[in-house]
Amino acid sequence: SAVISQKPSRDICQRGTSLTIQCQVDSQVTMMFWYRQQPGQSLTLIATANQGSEATYESGFVIDKFPISRPNLTFSTLTVSNMSPEDSSIYLCSVGVTQGGNEQYFGPGTRLTVT
Amino acid sequence: EDKVVQSPLSLVVHEGDTVTLNCSYEVTNFRSLLWYKQEKKAPTFLFMLTSSGIEKKSGRLSSILDKKELFSILNITATQTGDSAIYLCAVKNSGNTPLVFGKGTRLSVIA
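First to last, the protein sequences are chains A and B.
Each residue of the first sequence is one higher than the last, beginning at 970 in the numbering used here.
Each residue of the second sequence is one higher than the last, beginning at 1126 in the numbering used here.
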């Protein structure tokens, strides 16, 4: 498995502002993913964070709104830009720890509330 | 498109009951099926299943996969209030792709 930490664990932000969430892993991992979980919903994949290249975004998510960095194999950031109340959600970092990412583990999550 | 369907969506049982959660899937180039328990924020890993008919067991929880019928079940025996959570099923296909999640089953165990 992998030990994954996320910062901040929670935040309350005003609309129109931006928040950057950090994800740190205790070992080098090939695959890192960012998910969102809106209240009462299941997990929705935002993007795959690629080391050394641009993230791969899922349908409905764009780089201008959710810029992602992956400077190395142990760290990634997700920024939620120009926030609105609809962005209130839990944001989760996830890593694949075996070849092909067969086992996937989650960070503790960031609970974001936008007022 | 890969798809995971879980049932029931929610379930309320009394302590001591046994529950069975269902997960059916459609995925190209199936590699594995995973079960997670989500209590507050982060899902915690329970089981990974890759072969049909081999039961994985951890305490009161067990799970089995049927690759012919494309489903898996998660059993919890002698339920406790601490089992109350959302249980998520996810599938993985081959390659460097992320998991595809079902909507989850919300289990509530009442004393």
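By construction, these hints were calculated from the structure, which means they are not laboratory data.
One thing to keep in mind: the hints can contain errors.
[Said to hold, decoys possible] Under 7 Å between C-beta atoms, here's a sample of chain A residues computed to sit facing chain B:
| no. | residue |
| --- | --- |
| 1 | Val998 |
| 2 | Met1000 |
| 3 | Gly1009 |
| 4 | Ser1011 |
| 5 | Thr1043 |
| 6 | Leu1081 |
From a predicted model like this one, the values you see are computed outputs, not experimental measurements.
Heads up, the beta-carbon is just placed ideally off N, CA and C, and yes, glycines get one too.
- prompt: Looking back at the hints listed earlier, which ones does the structure fail to meet?
  reply: Structure breaks hints 1, 3, 5 and 6.
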